[in-house]
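For chain E, the structure is supplied; the task is to place chain D on it using the hints.
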Amino acid sequence: MQFISGILQGRRIIDSLYSFLMPLLAITAALIVAAVMLFFLDASPIDAYEALYDGSLGNTNSIAETLVKATPLIFVGIGICVAFRGGVINIGGEGQMIAGAVAGTAVALGLDGLPSLLLITTSIVVGFIAGALWGGIAGVLKAYFDVNEILSTIMLNQIAIQLMVYLLNGVMQEPSEDGRNRIPKSSRIVEKAQLPRIDEVPFFDTLFGDTTRLHVGFLFALILAFLTFVLLWQTTLGYRIRAVGYNQDAARYAGINVKRQMLISMLLAGGFAGLAGVIQVLGLQYRLQTDGSAVDFTGNAGFNGIVAALFGGLHPAGTIPASVFFGALLVGARNMQRVTEVPASLITAFNGIVVMFVVSVQIFNRRRARRRAAVQKEQSHV
Amino acid sequence: MFDELLTAGVFASAIRLATPYIYAAIGETFGQRSGVLNLGVDGIMLMGAFASFYAVYETNSLLLGILVALLVGALLGLFMAFISVTLQAEQGISGIGLYLFGLGMSELLFVKLLGTPRSVDGFPRVDIPLLSDLQFLGIGEIFFRHNLMVYLAFALVPISAYVLNYTTLGLNIRAVGQNPQAADAMGVSVARVRYFTVTLGGMFSGLAGASLSIALLKVFQQNLTAGKGFIAVALVYFGGWRPTWVLAGAMLFSFVNALQLQVKTVGIDIPSEFAVMAPYVLTIIALIFATKRREQPTALTKPFERGE
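Sequence lines, in order, name chains E and D.
Just so we're aligned, residue 1 is where the first sequence starts under this note's numbering, counting upward by one.
Just so we're aligned, residue 1 is where the second sequence starts under this note's numbering, counting upward by one.
Among the hints, erroneous ones may be present.
[As the list claims (entries may be wrong)] Cross-link-like lysine to aspartate or glutamate pairs, in silico, EDC-like; alpha carbons within 20 Å at most:
| hint | chain 1 | residue 1 | chain 2 | residue 2 |
| --- | --- | --- | --- | --- |
| 1 | D | K264 | D | E4 |
| 2 | E | K259 | E | D146 |
| 3 | D | K302 | E | E341 |
| 4 | E | K192 | E | D178 |
| 5 | E | K185 | D | E273 |
| 6 | D | K112 | E | E174 |
| 7 | D | K302 | E | D249 |
[Said to hold, decoys possible] Sample of chain E residues at the chain D side, in silico, Cβ under 7 Å:
| hint | residue |
| --- | --- |
| 8 | I89 |
| 9 | T122 |
| 10 | I150 |
| 11 | I154 |
| 12 | M155 |
| 13 | Q158 |
| 14 | I159 |
| 15 | Q162 |
| 16 | V165 |
| 17 | P343 |
| 18 | S345 |
| 19 | A349 |
| 20 | G352 |
| 21 | M356 |
| 22 | I363 |
| 23 | N365 |
[What the hints assert, rightly or not] Quick list of the computed label-pair ranges, beta carbon to beta carbon:
| hint | chain 1 | residue 1 | chain 2 | residue 2 | range |
| --- | --- | --- | --- | --- | --- |
| 24 | E | Q285 | D | L6 | 54 to 64 Å |
| 25 | E | G170 | D | L67 | 30 to 40 Å |
| 26 | D | T86 | E | Q376 | 40 to 50 Å |
| 27 | D | L78 | E | R188 | 22 to 32 Å |
| 28 | E | A250 | D | A8 | 54 to 64 Å |
If you are wondering where the hints come from, they were derived from the structure by calculation, not from laboratory data.
Since this is a predicted model, take the numbers as computed values, not measurements.
Even for Gly, the Cβ is constructed at its ideal location relative to N, Cα and C.
Okay, chain E solo, but in the shape it has when bound (with noise of 0.2 Å):
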């Protein structure tokens, strides 16, 4: 017996330490295919990654930025996590980015008689109910209708920025402006509605100084990754939203309302996009503004949020640092176009690349899953 336990342990120091190489190994090839791409692009590669290194992670500032952009990441990434752990695959954050956005910015605007810390709280509440209720469509669609879920999400998306641009050229229009505007922007909202920066937090501002643009929804994220964590793997509900992302008829015949675990799953991920949007907003944009597309706000943050959740192995603790390694390349991206004129744009493909790795190495996982699975058939005849 003991040697069984002895034998089981060994195995689960592999396990994860499969885990850990898989991401690794995933990036390690995507680099190396970068490599090539800036070999082809006449650029150094060595040059490149020194310049993306410096830009993103060389000083105090980069890093501050770095964790700016990481910020929306987290949200939608732990938003995915939820979706992805739950058997749905949310392809709507641009859209419900948006929805809260709108939502948050609205109330900001609109309630800015009420004292700070209310105002902040009503517009991030209202900002993940939007979220919620923009990804709850597609939960719905895909529950109750059987209307596949991704595709519906990215109708969302399109539709979401039809209504933004709308309500930017009507109601939430800025007053100085009149009639359409090509980049059309809501007022700027009040300082008390406006999220602190990081240096108003004790022991932060010691790291950071006063200079960056770090601002409290970085510590929001945390906060929100380590909640999603004890939801998923220490709560009830989250034992039933991975049960039905895990095995649905399995799910089904052990009781669990199946069709009310994927609403649930895609309001969740839809809330913590609306949370992303709201705090870019209030935190960083203090407007809200577009030139028609959704990336103009949103910064791909949508699509880049899946990436890191994925990278990050679907779980809140490796969402984090994926996210800010997501976050390190896209800012370190623009210092790479400035040094080596190569275009950020590059980050894009790369993430791409990233994806298709990471869901690519999986097999080996799975192959190692079925042997064992046959092994301990084998042993068990024994």
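Then chain D, alone, in the frame of chain E:
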């Protein structure tokens, strides 16, 4: 008001606008019929659009532009097949990866090689003799005054329907998507069929991109497709995996789009944002009813492994 809205010009532009969707969605139909969901269509379209545009911009050869689009599409399709068939990756997610790759890569090449949006002459309009002069109900203007890419797209639909429904190849494709175990037992190579359909789908997506950049719009800029590839995937679901119905979906979607543009020119007072979002709302509603029919290939998105 209606005669101002429903002009022959609107119908003609609906047909033109449908072209990229037809190529992409018909190609995707082949893949999905064999059980593979390729969500990276938009990324392949972008790469095809840029590659063909650049080829035409540099050489002025439309044929070369088409060949380059086919080649790029085939390569990316082959890559997607490798990931989803051989490596059995989760298809919804790997498709997003392919999309991001195409989005970033096409923009990178565009910035590096062209810098600013340029235009090409592209495919000229080819009036079909006699038919294009038909005045009755504006038929001549609606159907017979387009560029070659439009005619080709519409020709591909019946051909694809025939291949899928009446040939051994089509039978194999459907068998592999419906019951891979049985197909395998009958001696059909599941992997080979899926490699074929996904690569073919990639080539169609490449053409879809080319039909945008060198035939319909005749320019290239960042994110030229603006998500059209995703709509194409939705149209496959909407069309119940049958080419003729996929075509009907593409036409409906494009018609609403053309109408939306006309509403603006006629000066009807609907906020343009609502007009722009109308096709997407319509697609969601259509998906609700389309999915009710439940004729989805049983093995869609499920990797196949022998002896399970």
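G352(E) as chain D interface residue, shortest Cβ-Cβ below 7 Å: holds (3 Å)
Let me know if the C-beta of I363(E) comes in closer than 7 Å to any C-beta of chain D, holds or violated. holds (5 Å)
Quick one: are Q285(E) and L6(D) within 54 to 64 Å, going by C-beta? About 43 Å separates the Cβ atoms of Q285(E) and L6(D), which means 54 to 64 Å is violated.
Tell me if P343(E) is really an interface residue toward chain D, meaning its C-beta lies closer than 7 Å to one of theirs. Holds, about 4 Å.
When you check the alpha-carbon spacing of K302(D) and D249(E), does it fall within 20 Å? holds (16 Å)
Would you check whether T122(E) satisfies its interface hint, that is, whether its CB is within less than 7 Å of any CB in chain D? violated (27 Å)
Could you grab the alpha-carbon distance between K185(E) and E273(D) and see if it respects the 20 Å cut-off? holds (15 Å)
Hinted contact A349(E) with chain D - closest CB pair below 7 Å: holds (3 Å)
Are the Cα positions of K302(D) and E341(E) separated by 20 Å at most? Violated - the C-alpha atoms of E341(E) and K302(D) are around 42 Å apart, more than 20 Å.
C-beta pair G170(E), L67(D): status relative to the range 30 to 40 Å that was hinted: violated (48 Å)
Is the gap between the beta carbons of A250(E) and A8(D) within 54 to 64 Å? For A8(D) against A250(E), whose Cβ atoms are near 58 Å apart, the range 54 to 64 Å holds.
Any CB of chain D closer than 7 Å to the CB of N365(E)? Since the shortest Cβ distance to chain D is 11 Å, the answer is violated.
Against the hints set out earlier in the document, violations occur for numbers 3, 4, 6, 9, 23, 24, 25, 26 and 27.
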